[in-house]
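Those sequence lines, one after another, are chains W and D. Those letters in the first sequence? Residues 1 to 372, by our numbering. Those letters in the second sequence? Residues 1 to 433, by our numbering.
Since the hints were made in silico from the structure, they are not lab data. Among these hints, one or two may not hold up.
Keeping only pairs whose Cα atoms sit at most 30 Å apart, straight-line, the calculated DSS-like set for lysine-lysine is [as the list claims (entries may be wrong)]:
hint, chain 1, residue 1, chain 2, residue 2
1, D, K346, W, K115
2, W, K121, W, K88
3, D, K244, W, K34
Interface residues of chain W toward chain D, partial, derived using beta-carbon atoms under 7 Å [what the hints assert, rightly or not]:
hint, residue
4, A64
5, F66
6, P86
7, H87
8, M93
9, F95
10, A99
11, H103
12, F112
13, P113
14, R117
15, M119
16, Y236
Among the chain D residues that face chain W by a calculated CB cut under 7 Å, a handful are [stated by the list, open to error]:
hint, residue
17, S259
18, T324
19, S328
Glycine included, every Cβ here is placed at the ideal spot set by N, Cα and C.
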Amino acid sequence: MQHDSGTGNGAEDSAYVRFEDVQKSYDGETLVIKNLNLAIKRGEFLTMLGPSGSGKTTCLMMLAGFESTTHGAIWLHEQRIDNVPPHKRGIGMVFQNYALFPHMTVAENLAFPLKVRGMGKSETEERVNRVLSMVELPQMGDRRPAQLSGGQQQRVAVARALVFEPDLVLMDEPLGALDKQLREQMQFEIKHIHESLGVTVVYVTHDQSEALTMSDRVAVFNDGIIQQLSTPEVLYEAPDNAFVAQFIGENNRLLGEVVERTSDTEIRVKLETGETIRALPVNIDASTERTTLSLRPERVQINPPEGSMPNVLTGKVAEVIYLGDHIRTRLAVAGHDDFIVKIPNASGHPSLSEGEAASLGWTIEDCRALDA
Amino acid sequence: MADITADGYSPARDEEDEAQDKALTTADGTPLKISLRRSQARQRRRAFYLVAPLLAFLVVTFGWPIAQMTFRSIHNPEVANYLPETSAAIADWSGDDVPDEEVFAAMARDMKTGVEDRTIGRAAARINREIPGARSLVMSTARDVEEMSPPYRDAFLAEDEDWADLEFWRLIKRETRILTPAYYLLALDFEYNTRGEIVERPEVYQVYRLLFWRTAWMSMAITGLCILLGYPIAHLLATLPLRKSNLLMILVLLPFWTSLLVRTSAWIVLLQQQGVINDLLVWANIVGDDGRVRMIYNQIGTIIAMTHILLPFMILPLYSVMKTIPPSYMRAARSLGATQFTAFTKIYMPLTIPGLAAGVLLVFILAIGYYITPALVGGESGIFISNLIAQNMQGSSAQLKLASALATILLVAVLVFYWLFNKLIGVDRLKFG
Ligand SMILES: Nc1ncnc2c1ncn2[C@@H]1O[C@H](COP(=O)(O)OP(=O)(O)OP(=O)(O)O)[C@@H](O)[C@H]1O
Ligand SMILES: [Mg+2]
């Protein structure tokens with residue numbers, strides 16, 4: 001079921017956090033997490049990415065100790081933590097709604113984890129000030145959370161999760177409530193903090209661009225299963241299955257039947273409309289007949305020179321959307337009218353207009369044959 | 001600044017500065033502040049029209065009666081009304097010696113009009129309330145006053161030597177004041193002695209201070225019990241899954257929908273000496289048949305029954321506040337290293353204060369003025385001040401003015417409590433539901 005390309009299950013000794021055959025059910029009828037195996041290295045920024053309800057928060061909650069595992073074990077630093085209560089795990093956590101205590105000032109919020117650890121007054125104060133300046137809010141200590149903007153609250157939440165210097169920090173969609181611009185800025189800042197402190201971060205999001213820009217590795221969740229666990233680059237360039245291809249970035253899907261297995265690196269696929277396409281077999285085994293071809297919109301060339309591309313189809317332009325740096329063109333191709341091509345807005349690229357016919361070409365490697 | 005000028009923005013700025021010096025105006029030239037006030041005044045007026053009927057209703061049915069009650073508790077017009085001339089004449093009397101002829105003459109004139117108008121009997125009765133025996137003195141003299149001739153002082157003294165009694169005259173003088181604190185003194189177990197000084201009443205007659213004190217401490221006990229019982233229930237209500245919490249909510253509200261009398265009599269059935277609980281205790285051999293516990297018609301009965309009745313008023317505001325506390329606060333506290341206990345006391349409890357305070361306010365104020373339950377299950381030792389107020393309002397020995405004074409004291413106590421509470425917690429922070 002699982003496609004752990006690049007995890008290196010053999011590198012278990014260096015795993016800082018390890019999920020071992022973890023299953024989780026809330027109601028005893030359905031498994032929300034189905035047999036999760038995941039190893040996270042020390043200092044890594046790992047993102048759990050997936051659609052709503054795929055079990056990301058559940059994983060995080062099991063790691064933080066707020067949900068029990070139904071089966072399996074979780075290891076933290078070579079110690080089984082299933083029975084360790086949350087406050088003894090020493091894991092920092094940033095919640096989606098920040099969960100800043102509204103009856104305390106920012107400074108009191110930040111001092112809370114230090115106070116419960118019995119830290120002295122002067123040291124507490126010093127640490128609070130240090131962490132406040134780290135998140136660039138040095139003057140805000142006396143405010144209450146309600147008097148801060150969303151972005152400022154977010155920074156305080158991050159600061160609070162870091163102030164007691166945990167080795168592991170969990171963040172559950174911490175930027176979900178922010179607008180796009182602020183989100184991008186905060187992504188950068190969180191990444192920066194991660195790099196300068198060297199903490200291990202497990203980050204949850206359902207925003208794929210956020211996952212790609214921030215993470216060392218991304219675990220793509222769907223339906224309680226890790227669909228693929230890889231670096232952002234591999235995820236985008238070489239998705240293992242149709243779900244990942246569809247979920248990460250934009251993707252053109254063409255459905256067809258395998259008609260010939262030419263070699264290990266090439267098969268021929270007959271589309272429903274009759275055209276034959278040469279594609280790279282990725283998630284195809286010997287018995288598979290039906291397949292989904294996945295093709296990134298920016299890898300399609302418009303009106304390629306005769307004979308330069310192994311695959312050429314013709315299509316009719318249905319819609320042209322001007323997006324500044326590129327022009328998004330929707331075409332009707334091989335019976336699908338949602339075939340997207342991104343044409344860079346630069347000299348030397350053709351401009352199409354609605355209703356025009358165009359030929360589209362792409363290479364074998366860019367056309368990945370995945371599960372149907 | 002340089003790039004601002006480059007933008008061509010600077011001139012515009014200068015204009016704006018000038019405008020600010022002149023005070024802002026709207027497009028038609030009226031000053032902004034005035035037109036803002038005008039537009040708001042319109043809104044305010046409209047809002048006032050909307051609440052005007054309710055306001056009128058409240059003034060007529062609530063404000064006016066309370067003002068009446070308060071006024072009555074100090075208003076004392078009878079003697080001044082029945083003996084107007086005497087009242088005027090006695091004002092200058094020093095009180096050291098039998099009044100002089102002027103006062104007696106005025107009294108004689110008042111008696112004559114009193115006999116004609118047939119009001120003298122009422123005046124005599126009023127005075128008799130203060131000095132037993134005064135009625136016959138007044139009445140017998142009044143019968144003969146027609147035949148008397150001046151000087152009245154000697155005539156009165158000849159009629160009855162009790163007319164030389166200084167106590168009687170001092171009383172008349174005191175009672176001719178239109179406003180009197182006498183009922184408040186009575187309500188606090190004080191009275192005027194014969195020399196007109198304020199002293200405590202004899203101990204056998206003292207009852208009201210005890211009752212005020214009992215009402216206060218029992219209300220506090222009831223409020224405390226409501227917190228102890230209501231807090232966990234409200235927490236359960238706020239955290240259980242919806243189906244279970246709905247069921248629990250119905251269980252909480254069920255007493256609300258049941259008649260007060262039914263609930264109170266149910267407690268009588270349960271708690272009385274031949275009741276269910278005592279039967280169980282006897283059956284389980286915890287107490288003997290002759291040692292049945294007295295749990296009703298005393299303070300215990302009042303506390304139990306009233307705690308039960310007032311519990312929803314604690315639970316509902318608590319619940320409505322707890323419902324809004326996201327579980328992530330507790331989780332955040334736990335992940336930051338707090339034990340369950342610390343997280344509860346440092347995070348959860350402080351966040352529930354608005355509901356807790358609202359509940360305390362509701363329950364305490366309701367309890368302090370509660371009537372029916374203490375009357376039914378309080379017996380002798382478990383009744384509240386409101387029961388005495390009621391006693392003073394009914395029956396042949398009704399003392400409406402005393403009842404008014406007691407009720408006014410109660411009202412003031414509630415207001416003082418509210419004021420203190422506001423100082424301490426801030427009523428604007430409360431959340432009633
Ligand atoms: N406390 C709970 N009781 C019962 N079922 C739950 C509970 N929490 C989550 N679930 C179910 O478990 C599944 C996974 O939920 P989870 O919160 O982990 O999803 P998620 O990936 O975090 O989604 P989102 O992106 O929307 O936050 C969902 O189907 C959800 O309905
Ligand atoms: Mg979630």
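Hints, verified against the model:
no.	hint	in the structure
1	D:K346 / W:K115	holds (11 Å)
2	W:K121 / W:K88	holds (22 Å)
3	D:K244 / W:K34	holds (29 Å)
4	A64	holds (6 Å)
5	F66	holds (5 Å)
6	P86	holds (4 Å)
7	H87	holds (5 Å)
8	M93	holds (4 Å)
9	F95	holds (5 Å)
10	A99	holds (4 Å)
11	H103	holds (5 Å)
12	F112	holds (6 Å)
13	P113	holds (4 Å)
14	R117	holds (6 Å)
15	M119	violated (10 Å)
16	Y236	violated (33 Å)
17	S259	violated (41 Å)
18	T324	violated (10 Å)
19	S328	holds (4 Å)
Against the hints set out earlier in the document, violations occur for numbers 15, 16, 17, 18.
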